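Chemist: One point on numbering: in full-length UniProt numbering, the residue at position 207 of the sequence shown is 207, and numbering is uninterrupted.
FYI, nobody ran anything at the bench for these hints, they're computed from the structure. A hint or two may mislead.
Under the rule of at most 30 Å between Cα atoms (straight-line distance), these lysine-lysine pairs were calculated in the DSSO-like manner [what the hints assert, rightly or not]: (1) 106 / 81; (2) 178 / 398; (3) 398 / 81; (4) 382 / 356; (5) 81 / 382; (6) 356 / 291; (7) 81 / 291; (8) 106 / 211; (9) 356 / 81; (10) 398 / 106; (11) 291 / 382; (12) 382 / 398; (13) 211 / 398; (14) 398 / 356; (15) 382 / 178; (16) 178 / 106.
Simulated restraints, written as ranges between beta carbons of each label pair [as the list claims (entries may be wrong)]: (17) 76 / 52: 23 to 31 Å; (18) 222 / 298: 32 to 40 Å; (19) 222 / 58: 31 to 39 Å; (20) 109 / 263: 36 to 44 Å.
Since the model is a prediction, treat every value here as computed from it, not as a measurement. Where a beta carbon is used, it is the ideal one built from N, C-alpha and C, also for glycine.
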Amino acid sequence: MDITTSAQQLRFNFLIQLTAYVVLFINVMQSGISEVQGAPVRITLQTLQNCRNGSTFSRTTSCCPAPDVDLNVPVVDFVPKRHGVCRVRKALQCLSGEELRIYTEKLTTAYEIMRNLPASDPRSLMQQGRIHCAYCTGSFTHDGLSAAANFTIDIHFNWLFLPWHRTFVYFHERILQKLLNDETFSLHFWNFDNGADATNSTQVETEGCFKPGHFVPRIYNNNSTSTFDSNRSNRTLVPYIVADLSIPGAEFFPLIPVRVADEAVPRNREAMRIGMERGTIPRDFFGVTFKYGDVRIVNVTSAGSLEFQPHSSMHRWIGGGILLPGTAAFDPMFYTFHANFDRLWHIWMETGDNRKLQPTDPDWLDAEFLFWDENQVLRRVKVRDTLSIGDLGYSYEKVNDAFWMEGAE
Numbered sequence: 001m002d003i004t005t006s007a008q009q010l011r012f013n014f015l016i017q018l019t020a021y022v023v024l025f026i027n028v029m030q031s032g033i034s035e036v037q038g039a040p041v042r043i044t045l046q047t048l049q050n051c052r053n054g055s056t057f058s059r060t061t062s063c064c065p066a067p068d069v070d071l072n073v074p075v076v077d078f079v080p081k082r083h084g085v086c087r088v089r090k091a092l093q094c095l096s097g098e099e100l101r102i103y104t105e106k107l108t109t110a111y112e113i114m115r116n117l118p119a120s121d122p123r124s125l126m127q128q129g130r131i132h133c134a135y136c137t138g139s140f141t142h143d144g145l146s147a148a149a150n151f152t153i154d155i156h157f158n159w160l161f162l163p164w165h166r167t168f169v170y171f172h173e174r175i176l177q178k179l180l181n182d183e184t185f186s187l188h189f190w191n192f193d194n195g196a197d198a199t200n201s202t203q204v205e206t207e208g209c210f211k212p213g214h215f216v217p218r219i220y221n222n223n224s225t226s227t228f229d230s231n232r233s234n235r236t237l238v239p240y241i242v243a244d245l246s247i248p249g250a251e252f253f254p255l256i257p258v259r260v261a262d263e264a265v266p267r268n269r270e271a272m273r274i275g276m277e278r279g280t281i282p283r284d285f286f287g288v289t290f291k292y293g294d295v296r297i298v299n300v301t302s303a304g305s306l307e308f309q310p311h312s313s314m315h316r317w318i319g320g321g322i323l324l325p326g327t328a329a330f331d332p333m334f335y336t337f338h339a340n341f342d343r344l345w346h347i348w349m350e351t352g353d354n355r356k357l358q359p360t361d362p363d364w365l366d367a368e369f370l371f372w373d374e375n376q377v378l379r380r381v382k383v384r385d386t387l388s389i390g391d392l393g394y395s396y397e398k399v400n401d402a403f404w405m406e407g408a409e
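Use the sequences and the hints to build the structure in full.
Modeler: Okay, structure coming up:
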């Protein structure tokens, strides 16, 4: 090819690229991004009605609300209950005797009912799983924008992760209460981050739970009950194997080794210390910003510190359906370990002056999600309404966070 031909080819390539940029600019202007750039993410009834197939790790997902779920319903604003009884979510490893027997009976009864609800009921376990799937596989598109251009929504790997999951578990717990006809019922948490031997702890307390909690709770491992899911890795079935909170990205199911306690416990302590570090800017703990008009974020390095390793590692370690966002919430175990991540966010907020690093951007505070409540009412929830667990009517039992807290402030 001579010099003249090369120059002509370069000019032709330039014109092709210029045309592509012009087309992109026109599409952006027509979609209205220039007028709303920086606005908060808002899930509306239109968003639900326009739900589409999503994808995760190159796999197509189909998790929109079932066709017989009524989407032509009024949306009611959620108002936190700032008064009334404050329930206590307890560490599962510290339940014993009659308390454990009663809780086991209630939890398994609630999930049995939930599993048997019709597909048209958004409170069914199937629809609960679909809700999580739709929110984290790009099934929802920013209203008025194009899914083809990847203007889709994912509540992972960004600052929506913590408030969205807190709200999801909150309404899931309320549904369990409704199914049991028991407003005092609490969804107790898997205290997987607690690997301390209470007898060797430097923290001397008179109240709270200080038993190690890093083993799979037995209540979720009885294959004859509704809390069991056969689609988990075999290691979750073996008693007294320590959950691994520090699985690197290169170790992916089923290649994850089973680490003995002497190796796993110090690794977990370090993973928790890093995951719960204060950081210097909101992005460090909460993740990158995600606003209206942003394309879907699928890079785990965009996540906040708690989501980046302890959270991702738990999904990998449990494996099976919980491994992938599209299928994770079909397993009851999902909700108990996410209750603990919610607790860890609360602990982080109460530690030192961390509260100063919580985002104050209105585009975070006014982000809106839709959830079905215990009465099948579709609720509009803003992030600003989820920031206090006291306002949501619950608290957490004190446990031995001294195991990893040293150096985490």
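Chemist: Would you mind marking each hint as holding or not holding in the structure?
Modeler: Okay, the hints, checked on the actual structure:
Between residue 106 and residue 81 the alpha-carbon distance is near 24 Å, which keeps this suggested pair within the 30 Å criterion. Under the criterion of a C-alpha separation no larger than 30 Å, the hint pairing residue 178 with residue 398 is consistent with the structure, at around 27 Å. A hinted pair counts as satisfied when its Cα atoms are at most 30 Å apart, and residue 398 with residue 81 qualifies at roughly 23 Å. A hinted pair counts as satisfied when its Cα atoms are at most 30 Å apart, and residue 382 with residue 356 qualifies at roughly 20 Å.
A threshold of 30 Å between alpha carbons decides the hint, and for residue 81 with residue 382 the separation of about 14 Å falls inside it, so the pair holds. A C-alpha spacing of about 21 Å is found between residue 356 and residue 291, which places the hinted pair at or below 30 Å, so the restraint holds. Our distance criterion of 30 Å between C-alpha atoms is met by residue 81 and residue 291, whose separation comes to about 28 Å. Only pairs whose Cα atoms come within 30 Å are accepted, and residue 106 paired with residue 211 is accepted, the gap being roughly 23 Å.
The straight-line distance between the Cα atoms of residue 356 and residue 81 is roughly 25 Å, inside the 30 Å bound, and the hint therefore holds. With a C-alpha separation of about 23 Å, the suggested pairing of residue 398 with residue 106 holds against the 30 Å cut-off. Only pairs whose Cα atoms come within 30 Å are accepted, and residue 291 paired with residue 382 is accepted, the gap being roughly 14 Å. The straight-line distance between the Cα atoms of residue 382 and residue 398 is roughly 28 Å, inside the 30 Å bound, and the hint therefore holds.
Proposed proximity of residue 211 and residue 398 is supported: the alpha carbons are some 11 Å apart, at most 30 Å. Restraint check for residue 398 and residue 356: satisfied, since their Cα atoms lie roughly 23 Å apart, inside the 30 Å limit. Simply put, residue 382 and residue 178 have alpha-carbon atoms about 23 Å apart, close enough for the 30 Å limit, and the pair holds. Between residue 178 and residue 106, the direct Cα distance comes to roughly 12 Å. Compliance with the 30 Å bound is thereby established for this hinted pair.
For residue 76 and residue 52, the hinted distance range of 23 to 31 Å is satisfied, since their beta carbons lie about 25 Å from each other. Taking 32 to 40 Å as the suggested C-beta distance range, the pair residue 222 and residue 298 conforms, at roughly 36 Å. With their beta carbons about 35 Å apart, residue 222 and residue 58 fall inside the hinted range of 31 to 39 Å. Between residue 109 and residue 263 the beta carbon distance is about 39 Å. The supplied range of 36 to 44 Å therefore holds.
Taken one by one, the earlier hints all hold for this structure without exception.
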